[in-house]
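Chains as they are written, first to last, in this note's numbering: chain A, -1 to 291; chain B, 17 to 691; chain C, 5 to 322.
Keep in mind that the hints were calculated from the coordinates and are not lab data. None of these values were measured; they are calculated from a predicted model.
Listed below are the simulated DMTMM-like cross-link pairs for lysine to aspartate or glutamate, each with C-alpha atoms no more than 20 Å apart in a straight line:
{"id": "1", "chain 1": "B", "residue 1": "Lys80", "chain 2": "B", "residue 2": "Glu23"}
{"id": "2", "chain 1": "B", "residue 1": "Lys559", "chain 2": "B", "residue 2": "Asp366"}
{"id": "3", "chain 1": "C", "residue 1": "Lys11", "chain 2": "A", "residue 2": "Glu132"}
{"id": "4", "chain 1": "B", "residue 1": "Lys624", "chain 2": "B", "residue 2": "Glu597"}
{"id": "5", "chain 1": "B", "residue 1": "Lys154", "chain 2": "B", "residue 2": "Glu143"}
{"id": "6", "chain 1": "B", "residue 1": "Lys80", "chain 2": "B", "residue 2": "Glu28"}
{"id": "7", "chain 1": "B", "residue 1": "Lys415", "chain 2": "B", "residue 2": "Glu537"}
{"id": "8", "chain 1": "C", "residue 1": "Lys230", "chain 2": "B", "residue 2": "Glu100"}
{"id": "9", "chain 1": "B", "residue 1": "Lys559", "chain 2": "B", "residue 2": "Glu398"}
{"id": "10", "chain 1": "C", "residue 1": "Lys230", "chain 2": "B", "residue 2": "Asp98"}
{"id": "11", "chain 1": "C", "residue 1": "Lys234", "chain 2": "B", "residue 2": "Glu135"}
{"id": "12", "chain 1": "A", "residue 1": "Lys120", "chain 2": "B", "residue 2": "Asp380"}
{"id": "13", "chain 1": "B", "residue 1": "Lys156", "chain 2": "B", "residue 2": "Glu215"}
{"id": "14", "chain 1": "B", "residue 1": "Lys415", "chain 2": "A", "residue 2": "Glu183"}
{"id": "15", "chain 1": "C", "residue 1": "Lys6", "chain 2": "B", "residue 2": "Asp380"}
{"id": "16", "chain 1": "C", "residue 1": "Lys57", "chain 2": "C", "residue 2": "Asp75"}
{"id": "17", "chain 1": "B", "residue 1": "Lys156", "chain 2": "B", "residue 2": "Glu219"}
{"id": "18", "chain 1": "A", "residue 1": "Lys29", "chain 2": "C", "residue 2": "Asp133"}
{"id": "19", "chain 1": "B", "residue 1": "Lys668", "chain 2": "B", "residue 2": "Asp683"}
{"id": "20", "chain 1": "B", "residue 1": "Lys442", "chain 2": "A", "residue 2": "Glu195"}
{"id": "21", "chain 1": "B", "residue 1": "Lys154", "chain 2": "B", "residue 2": "Glu135"}
{"id": "22", "chain 1": "C", "residue 1": "Lys11", "chain 2": "A", "residue 2": "Asp124"}
{"id": "23", "chain 1": "B", "residue 1": "Lys372", "chain 2": "B", "residue 2": "Glu669"}
{"id": "24", "chain 1": "C", "residue 1": "Lys234", "chain 2": "B", "residue 2": "Asp98"}
{"id": "25", "chain 1": "C", "residue 1": "Lys131", "chain 2": "A", "residue 2": "Glu287"}
{"id": "26", "chain 1": "B", "residue 1": "Lys372", "chain 2": "B", "residue 2": "Glu664"}
{"id": "27", "chain 1": "A", "residue 1": "Lys19", "chain 2": "B", "residue 2": "Asp37"}
{"id": "28", "chain 1": "B", "residue 1": "Lys80", "chain 2": "C", "residue 2": "Asp214"}
{"id": "29", "chain 1": "C", "residue 1": "Lys130", "chain 2": "A", "residue 2": "Glu287"}
{"id": "30", "chain 1": "C", "residue 1": "Lys74", "chain 2": "C", "residue 2": "Asp62"}
{"id": "31", "chain 1": "C", "residue 1": "Lys11", "chain 2": "B", "residue 2": "Asp380"}
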Amino acid sequence: MTATTTDISEKSNAERLQIRKERLALLRSNKAFIIGMSILGFWVLCAIFGKFVTPFKADEQNYEFVSVPPNGTYWFGTDPNGQDVFSRVIIGSRLILVMSFAATIIGTIAGTSLGLITGYFKGWFDIVVMRLLEAISAIPAIIIALLAIAAIDGQSPTLTVLIIAFVFTPNIARTVRAAVLAEAEFEYVAAARLRTERTAHILFKEILPNVMPPIIVEFTVRLGYAIFAIATLSFLGAGVEYGSPNWGTQISENWAQIFNNQWWPTAFPAIAIASLAVSVNLISDGLLEVFEI
Amino acid sequence: MSTPTLELRNLEVAYTVRGIDREVLRNISLSIQPGEAYGLVGESGCGKSTAAYAAMRYLPRNGKITGGSILFEGRDMVTMSDAEVSTLRNSVISMVYQNPVAALNPTIRVGDQVAEVFELSGKSKSEANKLALEALVKVKIADPEKVMRRYAHQLSGGMAQRVVIAMALASNPRLLVMDEPTTGLDATVEAEVLDLVRELRRETGTAVLFISHNLGVIRHMCDRVGVLYAGALVEQGTTADILSNPQHPYTVGLLRCIPRGGLHKNTDRLETIPGSPPSLGLHFDGCVFASRCTLADDRCRTEKPEMVEVGASHIARCFHHDQAPGMARNIEGASQGLSIRTKQTTQSGDLLQIEKLSKIFNQDGHKVQVVNDVALHVAPGETLGLVGESGSGKTTIAKMILGLTAAEPSSVISINGKKLARTLNKRDVADVGALQIVFQNPDQALNRRHSVTRIVSRAVERLAGLNKSESDNRAHELLSGMRVDASLHNARPAQLSGGLKQRVAISRAFAGSPNLVVCDEPTSALDVSVQATILNLLVDLQKQDDTSYLFISHDLGVVRYISDRIAVLYLGRVMELGNAETVFNGPHHPYTEALVSSVPAIDGSQRKRIRLEGDVPSPANPPTGCVLNPRCPRMAGSGVEGLCTTVEPELKEVEPGHFMRCHIPLDQLRATQQK
Amino acid sequence: MKSFLAKRLGLSVLTVGLAAIIVFFMTHILPGDVARQSLGRQATEEDVIAFNKLYGLDKPLLTQLFNWIKDLLSGNLGVSMSTSRPVSETLIPALGYSARLAGVAFVLIVPLSIAGGIIAAMNRGKKVDRAVTVGGLSAAVIPEFVWAVILLLVFGVVIRIFPISAMPDDGNGGFLQSIWHLLLPSIALLLVLFGYIARITRAGVIEALDSDYMRTAVLKGYSRRKAVTKHVLRNAMLPTIAVVASQIPYLIGGLVAVEMVFNYRGFGTVLLAAVGGRDYAVLQSGVILTSTVIVSFQLIADILFAVLNPRIRQRISE
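Here chain A stands alone, though its shape is the one from the complex (with noise of 0.2 Å):
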């Protein structure tokens, strides 16, 4: 009798792949994900090739038709600059989305070692990181990249992004850490321990394939408000040059035209923000509802 042969589980290979694919399907299926998916798509598109596909290009003035309202040449009319303000969203898209991934990322692999490192060693370490970590979050994320980018006087969008970074890194630390703290408890990773492996190990190649679920949700979280941020900064005309096609500087330049009633060089570049944050946001709920988190 080989009893053992027989020992296989009911959850055999071919149902454990029945359940990636239903989750895969239910990824699919979920219309706020593929409807997120589609949007950030169309902003990505127009950020690597909206220059070549414009009817105008960004800084093309035109004085004959300056504030006209949307029509069969300016789609969605022009501002009172003579812009056109179709081809300057369309070239907006570029960089909001650059800065907003770049300070994302940043601000994730730093919040993610920091979470990583604080929540397996504890001790002192983690105290005085934490300790400083709140500090920072006892500032209004606005406020310090307002004060950060008044001290160099100037309107850097490198340093932007590493300001968002830095405001970032808090909050995706935060999460890393009390998952690795959940993660430390489990006992792989004492056996891994009990066969000498080194702790950048444990930390990399035990835990964080772990913890990614989380951090890739926070991601997705953080680049909504990394979008949020960078558009607010841009309106408050800080972080990236006045001038530049922007669709927070658009709104900053052309929103007192609203009384005006011309609404279109507003109006237009407040949808752009507003779909992108949004397309952001139904993609990290797809997420967080396959995830199950």
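Chains B and C: place on chain A using the hints.
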């Protein structure tokens, strides 16, 4: 026959999981007469809890009744309005839950929660409070006024379960549903709670539906029993009849694979049931047990058997029930000579020696000594069993030996005469590899992102110092030796059943040719039918390579089967140490005596219960004198009470190889215990 | 209890202190010449030296930090670098205005978000739930200024129901009128903060609904509705308290853009002007006041949490 208190008639329940309905209860019919205690027994995922909640007409959000009826005193609850069901729940049917602390609201005082039941039935606030207090008195809670004002987290498991029972009995129900009411409680506390339930039942005559995976508990509590497998009732009869004369192949196999008193690894191999219980809601064309049944034929796989009368009020759902009692024994052969150890230990004497092992934790500024001056030794090829209830320090001892937790500086841990560093990172590779562990819960012990091969191979690579491809080969060898099929070597742990996961964990523990493996409750997360194969495997490995085990378990039957010697722990101290049979047969230490007597036997043999009053004291504030003295069943009348309450006894050798920490002389213990 | 309060208070002071140090070093270590920025490019070398002396910028960095903190502790917020008037003269009235706006927004946000969260949880998986969770969070990721501009366009310009400025015309209308003016900006803030608070409330309620003690309540014979009010809400509110406190920084951060769009002379406007005028004295003190307010709210939330949670209450009283 009068109208049954509860009758399930062809009950079908399904859960919707990822959009598909999965059958959880398949055509269940049973009835419970007034005053009768009916037990439902089965392994994990067999649907027994679902049946319990169905009796209250309470299902999880994704659950639904797809057929049949639930009759309470002849009225069908399936078709009742919500309000009618609520009235029933408030007045005539009650429930006791598996996890009592979680069953109480954490932000409402316990007394108010009990009083709620009375308020619901229309009593005034003050009257309800008075009645709540009486209810707590009835379940023998010490200092009930004080307990009334407590919150759930301030209660021990046993105390919380008494409160839940008080709440359930408050309305004088005619039916009490108990879902694994003592699972998770320590053995002595479990025995107290069961005694209480029996006593209350004698007084009230309430009918009981009792759910448990533990056949001993069922035997102790129930008049009749039904055996569930994969959502189907496969056998039913009086408890004594089912447990001594089972007629369904599943029940027969289940009873055979439980390690019973008298069996020992040196003389007996455990029987097994091939395979493992099916996952929830699988579809079957024929008999649900066919895939694991040694009697199964084509008919069993294609046609669903009906219940047939096999004796006086004894029914079984099997075509071949007549052959079941004489079913061939299913004893798997020993593993085929897989030698783990490359180096053979040649020294005689002790392999592991620990002296003055202590651990003091700092808890909110208080010093708590969880392990107190423990001395133990283990010889090559020997199994030392560690037994004790929660808070006894057994897991902390294991962690200190492994170096996962640093022992106090005065402690000495040596292997083959060589003193080991207290922490893991100061030990050299050979020392680390010599001491390994199999954890209780393989789900947490195996990294769910790594493949089975990688989990084992990495351990080989680090501990045996082989390169990557050699390690992979060795890992395949090890896994195959543990009967993990080659087709599963690239799988992730989540794809394996509990038993297979534990085999992978064992392979990993043996990757570095260890001298001693700590087995920390290695089978308690597994079903009984899977437990036996794991125990057999561990015994085989030990025999081949003279590996020593430190075997921790709360299951005395398992410990007795696998251990050569046993240490009984209480509050971080060794209370008794001796050969397995000596410790079990006595004369015992009073604590051991109480522990052993608290386990309900499956064969129904009644041992006199030796009670331990009250809860285990907090290690932060241990009693003076002997730590057992406030609860000791043998101190009163021993003549040494004065000593017991003032001086802590030493662990001394009372007869050759038998150590005890007790002031009462051995002969006196022997005399009182034989009475 | 006393030692708990002392410990929490101590930690709060420490947090504000650390925030002060971070702010100080950000303004002083990042490249950029304070005097040049304040005085403009035409300033002479002498002007710069005089300016540095006046504001103590010629002293070593640590001395400056020390002096600044010493002044803050004695209630002296410093002297504005652009107007040479005490910072408190502009900052304190502005803070009062902002407190009024934030107060109206807070009173709107907290009950609505909690109600939204509870309704979503009770209707889990249904349309209302999706609307609150997906809709609420989608609204939350759209920046306040976008909402502010859209609201202004729709309700101030196209349909003229709301005033376009948050300040009453005479600058000091009656109480009701000033609230009427603050409503539109508050809605902009509500839209941004509703989603997150509602989401966490929903999660808390769902956890309580799925709990064993809720099951006990139902099996005791409570109707579902009654079990929810008696057993769920209190437990579910605990995480909500923490999340409301955590949203205070976002509320305050949001004031900057909203005040600008609605032409409101609050502290966000003052800060923004200080950024434009490179007035570090106003910036530093303004930021520290902000973090003091934020940390105070967190302290209150911590205490409230402890009072409502017997487990923590017991640990404290020991």
